[in-house]
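There are 2 protein chains.
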Amino acid sequence: LAAARDGDKAALGRLLSLVERGGEQAKAVGRLTIGPSAAVDQVIGLTGAPGTGKSTLTDRLIGLARQQGTVGVLAVDPSSPLSGGAILGDRVRMPGHALDDGVFIRSMATRGHHGGLALAAAGAIRLLAAAGRAVVLVETVGVGQVEVEIAGAADTTVVVVNPGWGDAVQASKAGLLEVADVFVVNKADRHGADQARQDLDRVLDLGVGSSGWRPPVLMAVASTGRGVEDVWAAIRGHRDQLEATGQLTARRNQQLVDETGRLLVRLVEQDVRALDGGRRWQQITEAVAARRLDPHEAAAELLELAGQ
Amino acid sequence: LAAARDGDKAALGRLLSLVERGGEQAKAVGRLTIGPSAAVDQVIGLTGAPGTGKSTLTDRLIGLARQQGTVGVLAVDPSSPLSGGAILGDRVRMPGHALDDGVFIRSMATRGHHGGLALAAAGAIRLLAAAGRAVVLVETVGVGQVEVEIAGAADTTVVVVNPGWGDAVQASKAGLLEVADVFVVNKADRHGADQARQDLDRVLDLGVGSSGWRPPVLMAVASTGRGVEDVWAAIRGHRDQLEATGQLTARRNQQLVDETGRLLVRLVEQDVRALDGGRRWQQITEAVAARRLDPHEAAAELLELAGQ
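First to last, the protein sequences are chains D and U.
Letter by letter, the first sequence follows residues 1 to 308 in my numbering.
Letter by letter, the second sequence follows residues 1 to 308 in my numbering.
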């Protein structure tokens, strides 16, 4: 971790791999990351449907985030060009950042976490923070509960939409309005951008969104950079508001406590699965779903098995 | 339970008290309720800000729900006239139902569950189902995470709003759009009802809401009964769609598995608190929030303590 803090990207990469692997190894890394992670200036989640230009916007925001210090980027999006360890892709798309020692970009596989992607992402965010990154950017494709959960691990969540968004969202069963702190209508040079903005403003005037904060709606063309500075200003504005109202600390603390509860369930699951290769675990969960076993009894039984 | 199934309301009331008490007693009742609860025809959640007329609407819907068989009503709303064990209130407001043996109405205290209100409500819903109630209506005041969680335990969630809703919702930081399967603009004889409906339709056209189901927006005046039959038809329509797409069973099964996970965390909390009156529990959760302890370590420590 000391090496990672000094800017050794390979060391940071190895630690992240341990976090992704979960279990004892993630725990050992977690032990290193207590304390300093509170020092991170801002954790920013970027989410939206595939093809909305999240990655291009992330790319632009990295440059602006560098004003705060070093930057860590986590791409939890199988469709992201930042993702899949595409080193060539990074170089082509981000010539400025590939040579910048202050920017660390890492993709996170969306599979192989045994359902624990959100936990792995939370651990990875904490590691990047502990490694001294001032700003952590997390890109997720905004569909499904896990992605919303990951967005919940950020201080500020940016939801990226496009003109004509209605169709895209309807298709993707989004839960995006709930988690958005900042809206960006990207590709705003296209037809229907003003309509998309008006629609969003109308929705937001109805009161959906985080408490005490009316999410602003920004227009941007990430591919040319138009409007991106305003997006950054809005992201920073949200951080200022969180800090001024004491919500920054409260949010982060609650996230940690919630994570502990989720880890507890996962530990029990691991213990019980380890007993007999998962047979007993499957029997119990199936019995609950089939209403042959009450959740109270199932929980007690699982806890007892975990203690063996 | 056999007595409760035969229509003995006092027996059903005693069982509900045990569920509310939690712990071993709730577990014992839970053991009785496995299996038959799958037979419930529809669990309907009604939620909305205080003063929107949820209780009056619930009252009207009880009569229509009686077409399906017996009805159980759970009022988890401190401001509800159905709530607080207000027998006189019930008689005054529901002259038809007070004398109807097929209708069982129970209020649930919102305090004293040690943060486990959602779990208590889930257990109560399952008990009413196991006691043979064909339809279970759950009324909650739609503010806060717990209320949204309870709404999530229903097959169909009805969100009640009023003309001029924008202000009310903005004030109450609602998370209601996400959970709504059916919207009702109640008090629709007031000024601004059409506007409220148009606003909602516009929001819903943006794609917010459950997958594959565009929540309809109904106009009603619950106090006179106007539009209530259409509301009931929409509620039943949602049930038909859930069944046709296989989501009814899938939703219910997932709810049970999720509940098992939450109960597991609660059992561990109870065990650890019991060790020393809660000191160790407080130390650990505070250490996590203060970042002196990693969530992985905290979870492992709690699990070990619970096994003692």
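There's no promise every hint is true.
Identical copies look the same in the list; a pair holds intra-copy or inter-copy alike.
[Said to hold, decoys possible] Cross-link-like lysine to any residue pairs, in silico, SDA-like; alpha carbons within 20 Å at most:
#1 K27 - A300
#2 K27 - E297
#3 K27 - A250
#4 K27 - T285
#5 K27 - G277
#6 K9 - E286
#7 K9 - V257
To be clear, the hints were calculated from the coordinates, so they are not data collected in a lab.
*Enumerate the violated hints, using their earlier numbering and listing them in ascending order.*
3, 5, 6 and 7
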